[in-house]
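Q: So the protein sequences, as listed, match chains A and B. Residues in the first sequence are numbered from 1 upward in steps of one, following our numbering. Residues in the second sequence are numbered from 1001 upward in steps of one, following our numbering.
Source of the hints: derived by calculation from the structure; they are not laboratory data. Predicted, not measured: the structure shown is a model, and the values here were computed from it. Ideal Cβ placement from N, Cα and C applies to all residues, glycine included. Take these hints with a grain of salt, some might be off.
What the hints assert, rightly or not - Straight line, CA to CA, 30 Å or less: simulated DSS-like cross-link-like pairs of lysine-lysine:
(1) LYS372/A / LYS1114/B
(2) LYS372/A / LYS403/A
(3) LYS1107/B / LYS394/A
(4) LYS403/A / LYS1107/B
(5) LYS1107/B / LYS372/A
Claimed, not checked - Under 7 Å between C-beta atoms, here's a sample of chain A residues computed to sit facing chain B:
(6) HIS344
(7) HIS346
(8) ASP347
(9) GLN350
(10) PRO376
(11) ALA377
(12) ILE405
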Amino acid sequence: MFDVMTVRADFPILERETRPGVPLVYLDSAASSQKPYQVIEAMDDYYRRYHSNVHRGIHELSEAATFAYEGARVRVARFINAPESDQVIYVRNATEGINLVAYSWGRSNIGAGDEILLTEMEHHANLVPWQILAEEKGATIRYLPFNENGTLDLAALPALLTERTKVFSFTAMSNVFGTVTPLRTLIDAAHSAGAIAVVDAAQCVAHLPVDVQELNCDFLVFSGHKMCGPTGIGILYGRRSLLEAMPPFLGGGDMIRRVTLEGSSWNDLPWKFEAGTPSIADAIGLGVAVDYLTGLGMEAVHEHEQFIVNYALEALSEVEGVRLLGPPATQRGGVAAFTLSGIHPHDIAQILDEEGIAIRAGHHCAMPLHQKLQIPASARASFYMYTTIEEVDKLVEGLARTKRIFRT
Amino acid sequence: MSSDLYREQIIDLYENPLNFGELDPCDFSYEEDNPLCGDVVRLDVRLDSNRRIADVRWRGEGCAISQASASLLTEEIKGMTLEEVKAFSKERLLELIGVPLSMARVKCALLSLKVLKAGAYGIPSPGEMRGEDD
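Construct all of the structure, not just a fragment, from the sequences and the given hints.
A: This is the structure:
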């Protein structure tokens, strides 16, 4: 049975005060989630007891480190239901995952006149790597528009997906609107047009059950730090046939089978894409984070967030001057972005900070989205399995105080 | 309800900015934004025959700190020479603002000064002014 107070007890940071007498109200999990003690202790344990390099040593410590590092990969594979764990590539974060696809797959498969389809509500991580590729190859980028309520304009899709489209890359959950996109529809549409489908699941994997086989996506990326894991580790899942055909992204140790002065041959999956000493502790931490989420149950996590976001949208809509961005609660994850009439989001965030309330203010790495909405920035509160109704109430009280200070 | 950062003065200036508007014609004009925050400030400056700041107007949008800072700065530089403007220190502006700022907000506070200096440095110094003696 999911109990938010029991969950909160797992997160040491939630006990802290930002200033004496001012408890932390952390509403910025979409930027980065907090970590349960299980993750922190597992990483601490690795550094204290068995730190050494992986895949190299014959000795006890290296064996233990390799076992834990590769074991985490198996857990992650199970978590997203990847057919085989060698289709799960460790990267630094979702951003690096998309860059890997854009550089390695993209450079081999995109040419002049080809088209790349993205959406207007992408995070910069799913825009810039494709822009660099398109520039280099003379390809064209097209964008699927979003509707006023922050959902994708699916009616525009058929005209944008053509025989020239080689890849359709899109978010599974908007980091601003919170919109959960219709993944199966988008992936199937891409395949019908002969394009591959790349899913930016940075927000989604942390909050919703994800099954890559059921989705039938070609690539899917996410970051560990948004899902209770550490920073510095992320995942690229890929279809085997694509991964095997792709050239390496980075060259160096661990990714080779044989090196001579004349040339080299590549290691098997997944190591072909993992040059150099990896983030061993972070991978181990991610494995434990995945276990933690599995223990809670992703359905339960999602249900709690739905409860919170529903309450938050209702409470925020009652604050005079608030304009909520994005769709109704049933179509979104635990994100509530908004503007407050006459007050810049930075000022909102700063005044809330005086009350210990942490939100994000700015463009949240989605400048084109804000440009289309014709707002310079927005404020964003985001929730996770440890967020309480009382914290949402504090946010609403904080906004009332902000308005009093600004005399609006 | 008191706030360390948002003292009356800052809010007053946000609501009723000083030297807000445009100058046409002017001797130099410069605009810069802080894309990370969405703050933008434009300055129009008119010089007198001694190359002192005769008048200055600014316009823009953004957070209360960036906007109040532009009011305070434009008020302070009236009558200054271009050289004095170029030497205007960050510390002096932060002192004028007079509230403790976090690192992230210092950038907001200093946007108007950045705009002013970029504009001032764009003006050739008297010796370099081409065609002036013709």
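Q: If you test the structure against every hint from before, which numbers come out violated?
A: none
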